[in-house]
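S.K.: With chain D held as given, fit chain B onto it using these hints.
Taken in sequence, the protein lines are chains D and B. Heads up: the first sequence runs through residues 1 to 416, numbered per our numbering. Heads up: the second sequence runs through residues 1001 to 1416, numbered per our numbering.
A few of these clues could be false.
[Said to hold, decoys possible] List time: in silico PhoX-like cross-link candidates among lysine-lysine, alpha-carbon distance up to 25 Å:
{"#": "1", "chain 1": "D", "residue 1": "Lys65", "chain 2": "D", "residue 2": "Lys91"}
{"#": "2", "chain 1": "B", "residue 1": "Lys1391", "chain 2": "D", "residue 2": "Lys326"}
{"#": "3", "chain 1": "B", "residue 1": "Lys1339", "chain 2": "D", "residue 2": "Lys339"}
{"#": "4", "chain 1": "B", "residue 1": "Lys1373", "chain 2": "B", "residue 2": "Lys1343"}
{"#": "5", "chain 1": "D", "residue 1": "Lys48", "chain 2": "B", "residue 2": "Lys1391"}
{"#": "6", "chain 1": "B", "residue 1": "Lys1382", "chain 2": "D", "residue 2": "Lys134"}
{"#": "7", "chain 1": "D", "residue 1": "Lys150", "chain 2": "B", "residue 2": "Lys1391"}
{"#": "8", "chain 1": "B", "residue 1": "Lys1391", "chain 2": "D", "residue 2": "Lys179"}
{"#": "9", "chain 1": "B", "residue 1": "Lys1343", "chain 2": "D", "residue 2": "Lys339"}
{"#": "10", "chain 1": "D", "residue 1": "Lys382", "chain 2": "D", "residue 2": "Lys287"}
{"#": "11", "chain 1": "B", "residue 1": "Lys1372", "chain 2": "D", "residue 2": "Lys339"}
{"#": "12", "chain 1": "B", "residue 1": "Lys1326", "chain 2": "D", "residue 2": "Lys391"}
{"#": "13", "chain 1": "D", "residue 1": "Lys269", "chain 2": "D", "residue 2": "Lys245"}
{"#": "14", "chain 1": "D", "residue 1": "Lys343", "chain 2": "B", "residue 2": "Lys1353"}
{"#": "15", "chain 1": "D", "residue 1": "Lys150", "chain 2": "D", "residue 2": "Lys103"}
{"#": "16", "chain 1": "D", "residue 1": "Lys339", "chain 2": "B", "residue 2": "Lys1373"}
{"#": "17", "chain 1": "D", "residue 1": "Lys382", "chain 2": "B", "residue 2": "Lys1093"}
{"#": "18", "chain 1": "D", "residue 1": "Lys391", "chain 2": "B", "residue 2": "Lys1048"}
{"#": "19", "chain 1": "D", "residue 1": "Lys343", "chain 2": "D", "residue 2": "Lys358"}
{"#": "20", "chain 1": "D", "residue 1": "Lys65", "chain 2": "D", "residue 2": "Lys131"}
{"#": "21", "chain 1": "B", "residue 1": "Lys1321", "chain 2": "D", "residue 2": "Lys339"}
{"#": "22", "chain 1": "B", "residue 1": "Lys1326", "chain 2": "D", "residue 2": "Lys372"}
{"#": "23", "chain 1": "B", "residue 1": "Lys1391", "chain 2": "D", "residue 2": "Lys49"}
{"#": "24", "chain 1": "D", "residue 1": "Lys373", "chain 2": "D", "residue 2": "Lys343"}
{"#": "25", "chain 1": "B", "residue 1": "Lys1093", "chain 2": "B", "residue 2": "Lys1150"}
{"#": "26", "chain 1": "B", "residue 1": "Lys1339", "chain 2": "D", "residue 2": "Lys326"}
{"#": "27", "chain 1": "D", "residue 1": "Lys134", "chain 2": "B", "residue 2": "Lys1158"}
{"#": "28", "chain 1": "B", "residue 1": "Lys1321", "chain 2": "D", "residue 2": "Lys343"}
{"#": "29", "chain 1": "B", "residue 1": "Lys1339", "chain 2": "D", "residue 2": "Lys372"}
{"#": "30", "chain 1": "B", "residue 1": "Lys1049", "chain 2": "B", "residue 2": "Lys1131"}
{"#": "31", "chain 1": "B", "residue 1": "Lys1382", "chain 2": "D", "residue 2": "Lys93"}
{"#": "32", "chain 1": "D", "residue 1": "Lys158", "chain 2": "D", "residue 2": "Lys339"}
{"#": "33", "chain 1": "D", "residue 1": "Lys372", "chain 2": "B", "residue 2": "Lys1158"}
{"#": "34", "chain 1": "B", "residue 1": "Lys1150", "chain 2": "D", "residue 2": "Lys382"}
{"#": "35", "chain 1": "D", "residue 1": "Lys103", "chain 2": "B", "residue 2": "Lys1382"}
{"#": "36", "chain 1": "D", "residue 1": "Lys321", "chain 2": "D", "residue 2": "Lys240"}
Derived from the structure by calculation, the hints contain no laboratory data. Given the structure is predicted, the values throughout are model-derived calculations rather than measurements.
Take a look at the letters that make up each chain.
There are 2 protein chains.
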Amino acid sequence: MARVNMEHSVETALNSYLEEISDTELLSENVNIEEALSRILYEDIIVKKDHPPFDRALTDGYALKSGDISYATEASPVILRIIGEVNVGSKEKLSISPKEAVKISKGAFLPENADAVLLPEDVEPEKDYIKTVKSVVPENYVTRQGEDLKTGEVFIRKNRKLRPQDIGGIIGIGCRQVKVYKKPVVTIIPTGNELVPLDVEPDYHQIIASNGYVLKGFVEQIGGIGTTSTIVRDDLNRVKSAISKALEVSDMVLVSGGSSTGSKDNTLKAVESLENSKIIAHGVSMKPGGHVLLATVGGKPVIGLPGHPVSNMTCFNVFGKPVLRKLAGTPRSFWQERKETIKLDAFLAKNIKSPEGKEDYVRVRLFEEEDKKILAYPYTGKSSFLSTLVKSHGVIRIPAECIALYEGDRVEVMLF
Amino acid sequence: MARVNMEHSVETALNSYLEEISDTELLSENVNIEEALSRILYEDIIVKKDHPPFDRALTDGYALKSGDISYATEASPVILRIIGEVNVGSKEKLSISPKEAVKISKGAFLPENADAVLLPEDVEPEKDYIKTVKSVVPENYVTRQGEDLKTGEVFIRKNRKLRPQDIGGIIGIGCRQVKVYKKPVVTIIPTGNELVPLDVEPDYHQIIASNGYVLKGFVEQIGGIGTTSTIVRDDLNRVKSAISKALEVSDMVLVSGGSSTGSKDNTLKAVESLENSKIIAHGVSMKPGGHVLLATVGGKPVIGLPGHPVSNMTCFNVFGKPVLRKLAGTPRSFWQERKETIKLDAFLAKNIKSPEGKEDYVRVRLFEEEDKKILAYPYTGKSSFLSTLVKSHGVIRIPAECIALYEGDRVEVMLF
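Just chain D, with the same shape it has in the complex (with noise of 0.2 Å):
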């Protein structure tokens, strides 16, 4: 048996690894946009044609010169002559003279030498005239082509993930595609000789393959197109073929071991044994998760993740969704980043131990006080557990230099 090294740090083995595959070539695809909503934009979006593409009313009312009515009051009201009528939708292009306006109506074209509108509240029809006691200023309800963008400008960065009003936007600008990262693939291989699938009625000793589906979920809510495969024996040769069977198809490997210390060893002779292998991490120490592996294979990433359901998806999480991350493309800009990692502020309500030298990352459960104080109670149930993932709220790192923490300290949790 391959004794664990464990003397990466977190820190260490994740910057190696994200280093290791910065040479990716990251594909794209076009697509729709209205299939667009959460992709990735793999190039800036350039401004075509001038929004407003012209000089148009904000409000219903008449166009007209503001100079002609700045010294309108009620001692000395102006009268303008009507010359027509625009409506939106209307094609007309009209133009006024002095003393002359232009009854419109919101979003319509803005006649030539008018520069403000004036609301019909402020005005006397009169037949083919208006009267008004009040001024306006130059660009009253008025906007002019290009005002809002500008042939040229960039509308959108590449790297933004699109949101609905994204969409709405590129629309608005006349982009019917838009070119977006292409989704990475990812099969998970759950390996395990006590594993049983969803539609088998597990004997008492086995346990249904569940990690699959958790590792599932979490790829395709950082964007990546997750295939779980059929459930692998703990057997070399069954393993090391189910992960090259895999390379051809993925961009990415996860091998969600079984439970037992034999199928973590088959993983890291499988993947050794292939061609163009390299093993960044056997073991970081890191609790719990300590018996990760970190390697690529023809460039592509790797993950052999242990089988406990706790260590599953913390190893997940530290490594996998940040090279996953990485291979979709993801947003860069510090304010969408803030959208997918949600850490909130509270205090620890136990006092926690935490082993010397391991990273120690711990699931807690929250309550919010009356005073909008929120209190995190620690679970230190074993990484077998089901309760624990599914009862807490979130997790908090403890350094590796740190060895307890204690109650009433505020700590970061981040929310799972």
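M.R.: Chain B alone, transformed into the frame defined by chain D:
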């Protein structure tokens, strides 16, 4: 033209609206667990059998009675007889007598009378015997039947939005289907003479209908099913028949107004003329979006949204979102709420004036400074502008009674 009544505050209008739909009966459906990600639980999930289902070993090693080796030391090692071996997947139920042990693998059945597991490295194996100089505490590396979850306990409370790990947990306790809230169907009706569909090249005075795509995106992110109808012209009868048809197949209807004044009135008149209609508010003291129409027809919410993209989205977020969340059976626990609405503290980078008596929603662009302080630059662009929609990162809410905020003021930004 019906005058817009601006008397309602946002809070009054929203509360009346939520109150109005509070009796709506929410429907449920059973879905397979592998399709239940992000669905909202309709009923508590109860544990049906103990987990673990039997006492088992948490590591490879030797199962024994801790009392047998409690006096083991270097000076007086203890010798135990190996009476057999249990592996994961083996169904054999062994039983040990005093001074006996069983070789065991991780996850395997704990033999009867054993109460601890000793690690292989703490043992000197000899043919049918092991010798040890180490003592162990009772329950060392052992987990007991039901220690994780007990039959009959509540595993997950209803109304939780299911996370990947919840799916894993539910599979782990042997459920293959869950009862979740049915997704509410929301029909979006784009109205306006100036609108053309996405597949038509707009003439210079026309606009591609984009609000429907934005609303559909939000509806789906909240957990509804969004469908956008064909564009309806600004004609009372057509608007009326479109709403009426939509109500037959939907739980909620959004009428997205054209930008002309006429279309807003058509929505009001159309709704008023339908049987069992009730106007909750027509006009709310907010900016942008003061012209919103909040109504029900036969108890189903019908919202008339202004056509300008910024007003459209703001009104949907302020009124449509909470109403739809209610219909979708959305989670109520504070930590899941935190995940859904992400707020950041920022400092205003410029003074803003705000209209007195109106709740003001100001879009902001965020910049993170080197010291992690976040600056919020207000976007005071016109509500027809696509640039403010796309380039802003979030929104700040200025209460009705506040008429200005100043550079350096601390503000809470809702990211969108």
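S.K.: Are the hints correct? Go through all of them and say.
M.R.: We went through each hint and held it up to the structure:
no., hint, in the structure
1, Lys65(D) to Lys91(D), "21 Å, holds"
2, Lys1391(B) to Lys326(D), "24 Å, holds"
3, Lys1339(B) to Lys339(D), "9 Å, holds"
4, Lys1373(B) to Lys1343(B), "14 Å, holds"
5, Lys48(D) to Lys1391(B), "17 Å, holds"
6, Lys1382(B) to Lys134(D), "23 Å, holds"
7, Lys150(D) to Lys1391(B), "14 Å, holds"
8, Lys1391(B) to Lys179(D), "19 Å, holds"
9, Lys1343(B) to Lys339(D), "9 Å, holds"
10, Lys382(D) to Lys287(D), "11 Å, holds"
11, Lys1372(B) to Lys339(D), "16 Å, holds"
12, Lys1326(B) to Lys391(D), "24 Å, holds"
13, Lys269(D) to Lys245(D), "16 Å, holds"
14, Lys343(D) to Lys1353(B), "32 Å, violated"
15, Lys150(D) to Lys103(D), "28 Å, violated"
16, Lys339(D) to Lys1373(B), "17 Å, holds"
17, Lys382(D) to Lys1093(B), "24 Å, holds"
18, Lys391(D) to Lys1048(B), "17 Å, holds"
19, Lys343(D) to Lys358(D), "22 Å, holds"
20, Lys65(D) to Lys131(D), "14 Å, holds"
21, Lys1321(B) to Lys339(D), "18 Å, holds"
22, Lys1326(B) to Lys372(D), "24 Å, holds"
23, Lys1391(B) to Lys49(D), "18 Å, holds"
24, Lys373(D) to Lys343(D), "14 Å, holds"
25, Lys1093(B) to Lys1150(B), "22 Å, holds"
26, Lys1339(B) to Lys326(D), "23 Å, holds"
27, Lys134(D) to Lys1158(B), "61 Å, violated"
28, Lys1321(B) to Lys343(D), "23 Å, holds"
29, Lys1339(B) to Lys372(D), "16 Å, holds"
30, Lys1049(B) to Lys1131(B), "38 Å, violated"
31, Lys1382(B) to Lys93(D), "24 Å, holds"
32, Lys158(D) to Lys339(D), "17 Å, holds"
33, Lys372(D) to Lys1158(B), "23 Å, holds"
34, Lys1150(B) to Lys382(D), "15 Å, holds"
35, Lys103(D) to Lys1382(B), "22 Å, holds"
36, Lys321(D) to Lys240(D), "24 Å, holds"
Hints 14, 15, 27 and 30, counting from the list given before, are not met by this structure.
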